[in-house]
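Novice: My request is simple: use the sequences and hints to build the entire structure.
2 protein chains.
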Amino acid sequence: MPAAKPTPRSAEEIETVPPISDAEWVVMTEFWRLGEATAKDVVQALEGRQAWKPKTVQSLINRLVQKGALGFRQQGREYVYLPRVEEDRCVHEASRTFVDRVFGGKLAPLLACFLERQECTPAELEEMRKLLELQQKQLSQSAPEHQP
Amino acid sequence: MPAAKPTPRSAEEIETVPPISDAEWVVMTEFWRLGEATAKDVVQALEGRQAWKPKTVQSLINRLVQKGALGFRQQGREYVYLPRVEEDRCVHEASRTFVDRVFGGKLAPLLACFLERQECTPAELEEMRKLLELQQKQLSQSAPEHQP
DNA sequence: GTCGATCGATTACACTTGTGATCGAATTGA
DNA sequence: TCAATTCGATCACAAGTGTAATCGATCGAC
Chain A
476 MPAAKPTPRS AEEIETVPPI SDAEWVVMTE FWRLGEATAK DVVQALEGRQ
526 AWKPKTVQSL INRLVQKGAL GFRQQGREYV YLPRVEEDRC VHEASRTFVD
576 RVFGGKLAPL LACFLERQEC TPAELEEMRK LLELQQKQLS QSAPEHQP
Chain B
476 MPAAKPTPRS AEEIETVPPI SDAEWVVMTE FWRLGEATAK DVVQALEGRQ
526 AWKPKTVQSL INRLVQKGAL GFRQQGREYV YLPRVEEDRC VHEASRTFVD
576 RVFGGKLAPL LACFLERQEC TPAELEEMRK LLELQQKQLS QSAPEHQP
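As given, the protein sequences belong to chains A and B, one line each in that order.
Here our numbering runs 475 ahead of the position in the first sequence, where the first position is 1.
Here our numbering runs 475 ahead of the position in the second sequence, where the first position is 1.
What the hints contain is simulated information worked out from the structure, not anything from laboratory work.
No experiment lies behind these values; they were computed from the predicted model shown.
Heads up, a few of these hints could be off.
Note: identical chains are not told apart, hence a pair may lie in one copy or across any two.
Straight-line Cα separation of at most 30 Å, DSSO-like style, residue types lysine-lysine; simulated pairs [as the list claims (entries may be wrong)]: (1) K515 / K542; (2) K605 / K581; (3) K605 / K515; (4) K581 / K528.
Specialist: In structure tokens, the structure reads:
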């Protein structure tokens, strides 16, 4: 069957993010970083970090297109691909799923797990503490607390 | 460097944890919780939460045995299975892999992601903040700071 | 002692994933 | 003009996964 299917959709967003496998994730990350890119761009970007043949990268791109995670437009003989799913949404979805599966949905045990093994730098510890304090401050402002 | 490699292991313990798939993880979780259990125990434990036929659960158990994640001993006609990999290690390994893949190895962005979407309860926020403070305190004691 | 219920063992089967190779058309350098 | 290169399209193929069903032995109820 010829290329009847590969016309880019006009609709920009899709509602539910498709499942993205580990290897595909590496590729998506590059597209999220680059915004738009040809297959070759991504091959070059991954060079050195990933020992993938160009054809492998192309296969992963093709699957991401099939899944609706990437779109593309034609430019001369080649395609320029671009993300069709937001990084934030995918990242959040993946995190949610992971934390649910492994930690019963709670983040604190994950943090504890990392702290136990000293997986965080002091700078990161500080950053996280600030994030938490900020969040707590905002919460306490928006939701009136009863103070004893 | 703090956090050097922990104590050398005994020769028999499995050093690298096997890959555990999503469905298998659900089963392992029950074994970690129960300590020891027959297939039927786990089927019953999962009843209501997971719409799996008993044969499906048995298949997952068999694969976990093949992978070395479960062991068993015979008891009459049936088997009593038990974990052969520590939950902590599997959980940590899975977390490490996930955070590396999705957040470039840093935990803070994951936390930020959850906070943005208000995925944490106030109690959890507080718990995490305490965890962080404790860790920071311990660090500052073990690694002396340059004096003001 | 026979029959159905019940174990674990073995088999099934489609889908996904990782990792490419091949093919035909277009492009380019000589 | 023609051979080599280079796209994307299509195909390949083994391993892993989700989701069971069937088979052969055994145990318990009559």
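Novice: All hints are to be evaluated individually against the structure, with a verdict given for each.
Specialist: Hints, verified against the model:
1. K515 / K542: within (20 Å within a copy, 38 Å between copies)
2. K605 / K581: Classified as both; 20 Å inside a copy, 15 Å across copies.
3. K605 / K515: Intra 41 Å, inter 48 Å, cutoff 30 Å: neither.
4. K581 / K528: So K581 and K528 pass the 30 Å test across copies only (28 Å; inside, 39 Å).
The structure shown violates just one earlier hint, number 3.
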